[in-house]
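Q: Below are the chains, spelled out letter by letter.
2 protein chains.
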Amino acid sequence: MDIQPSLYPLTEFTSGQDPWQAAFAAHAHDLQPSEIRALFAVASRPEVVSLAGGMPYVAALNMDHVAEAVAMMLRDRGLVALQYGAGQGHPELREQILDVMTPHGIRAGLDDVVVTAGSQLALDLVIRVMCDRGDVILTESPSYVGALGVFKAAGLDVVHVPMDEQGLRPDALAETIAQVRAQGRTPKLLYTIPSYHNPGGVTQGPQRRHEVLAAARSAGVLIVEDDPYGLLGFDGIVPRALHADDPEGVVYLGSFSKTIAAGVRLGWAVAPPSLREKLVMAAEAATLCPSNFTQLTISTLLSTRPFFDQVAKFRDVYRERRDVLLEEMAHSFPEGTSWTTPIGGFYSWVTLPEGIDSTVMLARALDALVAYVPGTGFYADEQGRSELRLSYCYPEPDRVREGVRRLAGVLNNEIAFRDSGRLLETR
Amino acid sequence: MDIQPSLYPLTEFTSGQDPWQAAFAAHAHDLQPSEIRALFAVASRPEVVSLAGGMPYVAALNMDHVAEAVAMMLRDRGLVALQYGAGQGHPELREQILDVMTPHGIRAGLDDVVVTAGSQLALDLVIRVMCDRGDVILTESPSYVGALGVFKAAGLDVVHVPMDEQGLRPDALAETIAQVRAQGRTPKLLYTIPSYHNPGGVTQGPQRRHEVLAAARSAGVLIVEDDPYGLLGFDGIVPRALHADDPEGVVYLGSFSKTIAAGVRLGWAVAPPSLREKLVMAAEAATLCPSNFTQLTISTLLSTRPFFDQVAKFRDVYRERRDVLLEEMAHSFPEGTSWTTPIGGFYSWVTLPEGIDSTVMLARALDALVAYVPGTGFYADEQGRSELRLSYCYPEPDRVREGVRRLAGVLNNEIAFRDSGRLLETR
Numbered sequence: 222m223d224i225q226p227s228l229y230p231l232t233e234f235t236s237g238q239d240p241w242q243a244a245f246a247a248h249a250h251d252l253q254p255s256e257i258r259a260l261f262a263v264a265s266r267p268e269v270v271s272l273a274g275g276m277p278y279v280a281a282l283n284m285d286h287v288a289e290a291v292a293m294m295l296r297d298r299g300l301v302a303l304q305y306g307a308g309q310g311h312p313e314l315r316e317q318i319l320d321v322m323t324p325h326g327i328r329a330g331l332d333d334v335v336v337t338a339g340s341q342l343a344l345d346l347v348i349r350v351m352c353d354r355g356d357v358i359l360t361e362s363p364s365y366v367g368a369l370g371v372f373k374a375a376g377l378d379v380v381h382v383p384m385d386e387q388g389l390r391p392d393a394l395a396e397t398i399a400q401v402r403a404q405g406r407t408p409k410l411l412y413t414i415p416s417y418h419n420p421g422g423v424t425q426g427p428q429r430r431h432e433v434l435a436a437a438r439s440a441g442v443l444i445v446e447d448d449p450y451g452l453l454g455f456d457g458i459v460p461r462a463l464h465a466d467d468p469e470g471v472v473y474l475g476s477f478s479k480t481i482a483a484g485v486r487l488g489w490a491v492a493p494p495s496l497r498e499k500l501v502m503a504a505e506a507a508t509l510c511p512s513n514f515t516q517l518t519i520s521t522l523l524s525t526r527p528f529f530d531q532v533a534k535f536r537d538v539y540r541e542r543r544d545v546l547l548e549e550m551a552h553s554f555p556e557g558t559s560w561t562t563p564i565g566g567f568y569s570w571v572t573l574p575e576g577i578d579s580t581v582m583l584a585r586a587l588d589a590l591v592a593y594v595p596g597t598g599f600y601a602d603e604q605g606r607s608e609l610r611l612s613y614c615y616p617e618p619d620r621v622r623e624g625v626r627r628l629a630g631v632l633n634n635e636i637a638f639r640d641s642g643r644l645l646e647t648r
Numbered sequence: 222m223d224i225q226p227s228l229y230p231l232t233e234f235t236s237g238q239d240p241w242q243a244a245f246a247a248h249a250h251d252l253q254p255s256e257i258r259a260l261f262a263v264a265s266r267p268e269v270v271s272l273a274g275g276m277p278y279v280a281a282l283n284m285d286h287v288a289e290a291v292a293m294m295l296r297d298r299g300l301v302a303l304q305y306g307a308g309q310g311h312p313e314l315r316e317q318i319l320d321v322m323t324p325h326g327i328r329a330g331l332d333d334v335v336v337t338a339g340s341q342l343a344l345d346l347v348i349r350v351m352c353d354r355g356d357v358i359l360t361e362s363p364s365y366v367g368a369l370g371v372f373k374a375a376g377l378d379v380v381h382v383p384m385d386e387q388g389l390r391p392d393a394l395a396e397t398i399a400q401v402r403a404q405g406r407t408p409k410l411l412y413t414i415p416s417y418h419n420p421g422g423v424t425q426g427p428q429r430r431h432e433v434l435a436a437a438r439s440a441g442v443l444i445v446e447d448d449p450y451g452l453l454g455f456d457g458i459v460p461r462a463l464h465a466d467d468p469e470g471v472v473y474l475g476s477f478s479k480t481i482a483a484g485v486r487l488g489w490a491v492a493p494p495s496l497r498e499k500l501v502m503a504a505e506a507a508t509l510c511p512s513n514f515t516q517l518t519i520s521t522l523l524s525t526r527p528f529f530d531q532v533a534k535f536r537d538v539y540r541e542r543r544d545v546l547l548e549e550m551a552h553s554f555p556e557g558t559s560w561t562t563p564i565g566g567f568y569s570w571v572t573l574p575e576g577i578d579s580t581v582m583l584a585r586a587l588d589a590l591v592a593y594v595p596g597t598g599f600y601a602d603e604q605g606r607s608e609l610r611l612s613y614c615y616p617e618p619d620r621v622r623e624g625v626r627r628l629a630g631v632l633n634n635e636i637a638f639r640d641s642g643r644l645l646e647t648r
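Chains A and B are the protein sequences, given in the same order. Sequential numbering from 222 applies to the first sequence in my numbering. Sequential numbering from 222 applies to the second sequence in my numbering.
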């Protein structure tokens with residue numbers, strides 16, 4: 222194919238600055254590269270044990286089964302898979318999603334489910350429909366870095382609510398709502414991860430869930446319940462979703478990223494009717510429709526392989542790694558270090574000994590060939606320097622152990638360094 | 222798996238109205254169901270010849286090849302395909318996209334390409350980075366309905382610029398920019414489809430492109446060039462992209478929807494450096510990353526099958542249908558009807574005889590088992606009742622012919638009805 226020559230060249234491409242920065246939207250200046258992004262380039266080097274990223278262990282999938290299922294699906298229904306589809310998602314997959322949510326106690330209809338290109342996009346669309354720039358949003362302290370990214374891009378004002386070993390504290394929630402109201406502002410919604418919290422590693426029990434629901438309901442605050450890990454409880458019990466007990470007060474966000482594969486980018490929302498209608502329209506404006514190809518791939522896997530057996534396999538993989546992490550932290554970490562004990566999911570949240578800074582320590586940890594995410598990534602404000610997140614989901618168990626040992630060595634050096642400084646101060 | 226009973230049920234799910242409507246974002250009320258959406262439910266009935274939707278004829282793909290390629294890709298690189306990936310897109314696919322853009326005269330580097338879950342999302346992200354609510358955006362009159370949906374969801378003020386048989390009129394563009402400025406407002410960007418316009422069916426020639434570029438450049442207005450059909454010119458010539466002659470002044474949007482498959486939802490943007498950096502961050506906030514699974518699927522198809530041969534096959538399919546459409550319109554359509562003559566792409570834009578209303582006529586057309594899209598869908602204002610869009614891309618040639626015949630019958634009835642009304646008026 223010939224390339225038409227330019228008859229009228231105007232400019233050559235240069236890689237320097239361009240003149241459009243001044244024309245950006247007001248909120249575009251809030252979009253700044255994160256320190257975590259820079260970290261991942263280093264952490265992905267094979268010699269580094271990465272306890273940083275929350276990547277699912279997709280090697281636990283039978284790849285031949287996946288390949289066969291996709292090939293079969295394309296031969297049977299390729300004309301549908303490769304064509305535009307419904308903005309709300311393929312009805313067959315939405316029907317199957319109802320079954321996937323049954324263990325969570327969620328009773329919903331086909332029309333209540335909105336499929337999106339990953340649950341991150343579902344959250345983004347909920348925020349687009351519900352929030353104006355400057356609105357107040359409540360979330361745990363700390364909270365999921367990706368959700369904070371959505372809130373920041375939308376120009377929202379994030380107010381953190383403290384957690385304890387059972388997650389979000391309902392008393393603190395009620396108190397925070399009252400404080401925000403006292404400032405003459407209205408909290409638009411509460412974003413929460415009740416099960417196997419990212420990054421907190423904690424889980425709301427049944428009584429706690431009831432109290433959180435009651436506090437939000439009595440204050441008239443909508444809850445967005447993010448539940449990517451709900452099926453990955455190590456005792457095999459699936460916590461009852463907040464949505465199950467208050468479908469009118471809770472938007473439920475689900476995902477196949479941790480139960481099948483993150484690379485297909487498929488999630489969903491279940492929302493109260495008027496919000497769901499707007500969500501579908503916002504989704505159509507943003508993407509026309511989710512991919513029929515990925516939807517029918519997941520649908521075929523769901524109909525040809527026992528889904529909950531696959532989930533159990535993942536659960537066993539993660540439980541073993543969680544056990545190794547906890548055992549080795551208890552064995553190696555210096556006194557003054559504390560951590561949460563996850564009963565499911567991917568993460569433990571570590572609080573460092575007094576005077577140790579997780580952001581300062583990171584470069585030395587990478588030198589020692591171990592990576593983590595500093596606590597600062599999980600707060601919208603300046604908190605988090607004395608904390609960090611460890612993920613045990615991706616490395617093999619012996620690598621998890623080795624990573625904890627390396628980090629323990631770094632921590633011990635930091636403490637020695639801290640104490641030598643104190644020694645100098647007292648001289 | 223047992224379902225936990227609710228210890229503390231708060232509400233039962235009801236399908237009635239919910240209390241959240243009052244809490245919606247200000248712009249959420251702009252999200253309204255479109256008449257086109259309602260139309261598609263009817264138009265998809267098999268007895269209806271649909272000249273409405275712009276669905277690619279994916280049956281022209283060899284489905285066995287696609288199935289084999291995906292299965293091979295999963296067996297070779299399943300662990301990558303099913304995992305999270307880079308926010309900007311997989312480097313291998315971005316490299317191949319550079320080759321796909323070569324016939325358009327675009328010279329760009331790997332870092333300039335941002336892959337998104339469909340080019341609709343790329344447009345949405347450009348708008349998010351560039352535009353605040355109430356900003357003025359310029360576009361052809363008429364313009365692509367999906368783009369208008371993005372602009373509406375973002376609360377933008379769309380100003381239409383007239384076209385002629387060569388597309389966007391540069392004199393009208395300069396004049397419109399001056400008018401907007403005279404109102405004390407700044408047009409933020411020009412959204413244009415230079416090649417095989419949707420819905421206009423017209424194409425900017427080389428001199429016209431130069432004039433459009435010059436007008437936008439001298440006014441300091443960024444151009445967003447949407448080019449899903451650029452490779453589908455019936456004479457086999459690929460128009461030189463606007464971006465090729467002004468890479469600093471033009472954001473280029475590309476798509477695999479019409480050259481491989483719409484169902485994978487993969488598109489991309491090539492943008493000036495500072496804008497591209499913000500685009501990547503906005504994309505990561507919205508979706509974390511595009512699907513590695515769909516990206517490696519397309520990448521494998523590109524590396525194992527001759528892409529431009531596949532494009533030529535699609536081109537032959539659409540040329541034959543275009544020929545049938547034009548021939549049958551010339552043969553059957555009543556006097557006073559006029560239409561554009563597409564030299565590529567999917568659409569012809571039809572102007573109806575005086576006094577015939579395409580929105581009123583639609584119900585009667587559906588009764589006659591033929592569907593089209595009324596012109597009103599392609600304007601942000603109240604224009605379009607005397608126009609409609611016909612798509613020849615999806616139905617087989619004999620169905621295209623039958624559809625035009627049916628529509629001609631409807632038109633003749635409308636004219637008779639109109640004239641009987643006039644007869645009554647003059648009595």
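I should point out that these hints are in silico values taken from the structure, not numbers from a laboratory. Fair warning: there could be bad hints in the mix.
Since the list gives no way to pick one copy over another, a pair counts as held whenever it fits inside one copy or between any two copies.
[As the list claims (entries may be wrong)] Think about it this way: if two alpha-carbon atoms lie no more than 20 angstroms apart in a straight line, the pair counts; the simulated DMTMM-like pairs of lysine to aspartate or glutamate are: (1) Lys373 - Asp392; (2) Lys534 - Asp544; (3) Lys373 - Asp353; (4) Lys373 - Asp251; (5) Lys373 - Asp456; (6) Lys373 - Asp285; (7) Lys534 - Asp456; (8) Lys534 - Glu313; (9) Lys373 - Glu498; (10) Lys534 - Glu617; (11) Lys373 - Glu603; (12) Lys534 - Asp385; (13) Lys534 - Asp619; (14) Lys534 - Asp378; (15) Lys534 - Asp356; (16) Lys373 - Glu575; (17) Lys373 - Asp332; (18) Lys534 - Asp392; (19) Lys534 - Asp285.
Q: All hints are to be evaluated individually against the structure, with a verdict given for each.
A: Going through the hints against the structure:
1. When the C-alpha separation of Lys373 and Asp392 is checked against a cutoff of 20 angstroms, the pair qualifies neither within a copy, at 26 angstroms, nor between copies, at 41 angstroms.
2. For a Cα distance limit of 20 angstroms, the shortest separation of Lys534 from Asp544 inside one copy, 16 angstroms, qualifies, whereas the shortest one across copies, 57 angstroms, does not.
3. When the C-alpha separation of Lys373 and Asp353 is checked against a cutoff of 20 angstroms, the pair qualifies both within a copy, at 12 angstroms, and between copies, at 15 angstroms.
4. In this assembly of identical chains, the alpha carbons of Lys373 and Asp251 lie at most 20 angstroms apart only when taken from the same copy (7 angstroms versus 23 angstroms across copies).
5. Taking the shortest Cα distances, Lys373 and Asp456 never come within 20 angstroms of each other, neither inside one copy (36 angstroms) nor across copies (48 angstroms).
6. For the identical chains of this complex, Lys373 and Asp285 are neighbours neither inside a copy (41 angstroms) nor across copies (45 angstroms), given an alpha-carbon limit of 20 angstroms.
7. Proximity of Lys534 and Asp456 under a CA criterion of 20 angstroms is satisfied intra-copy only: 13 angstroms inside one chain copy versus 55 angstroms between copies.
8. Taking the closest pair of Cα atoms, Lys534 and Glu313 never come within 20 angstroms of each other, the shortest separation being 25 angstroms inside a single copy and 32 angstroms across copies.
9. For a Cα distance limit of 20 angstroms, the shortest separation of Lys373 from Glu498 across copies, 16 angstroms, qualifies, whereas the shortest one inside one copy, 25 angstroms, does not.
10. In this assembly of identical chains, Lys534 and Glu617 lie within 20 angstroms of each other by CA distance solely inside one copy; the values are 15 angstroms within and 48 angstroms between copies.
11. In this assembly of identical chains, Lys373 and Glu603 lie within 20 angstroms of each other by CA distance solely inside one copy; the values are 14 angstroms within and 36 angstroms between copies.
12. In this assembly of identical chains, Lys534 and Asp385 lie within 20 angstroms of each other by CA distance neither inside one copy nor across copies; the values are 30 angstroms within and 62 angstroms between.
13. In this assembly of identical chains, the alpha carbons of Lys534 and Asp619 lie at most 20 angstroms apart only when taken from the same copy (19 angstroms versus 53 angstroms across copies).
14. For the homomeric pair Lys534 and Asp378, neither the shortest alpha-carbon distance inside one copy (40 angstroms) nor that between copies (52 angstroms) is at most 20 angstroms.
15. Taking the closest pair of Cα atoms, Lys534 and Asp356 never come within 20 angstroms of each other, the shortest separation being 42 angstroms inside a single copy and 52 angstroms across copies.
16. In this assembly of identical chains, Lys373 and Glu575 lie within 20 angstroms of each other by CA distance neither inside one copy nor across copies; the values are 30 angstroms within and 52 angstroms between.
17. Taking CA atoms no more than 20 angstroms apart as the test, Lys373 paired with Asp332 passes in neither setting, with 30 angstroms inside one copy and 25 angstroms between copies.
18. For the identical chains of this complex, Lys534 and Asp392 are neighbours neither inside a copy (37 angstroms) nor across copies (65 angstroms), given an alpha-carbon limit of 20 angstroms.
19. Proximity of Lys534 to Asp285 under the C-alpha cut-off of 20 angstroms is restricted to the intra-copy arrangement: shortest distance 16 angstroms within a copy versus 32 angstroms between copies.
In this structure, the hints that do not hold are numbers 1, 5, 6, 8, 12, 14, 15, 16, 17, 18, in rising order.
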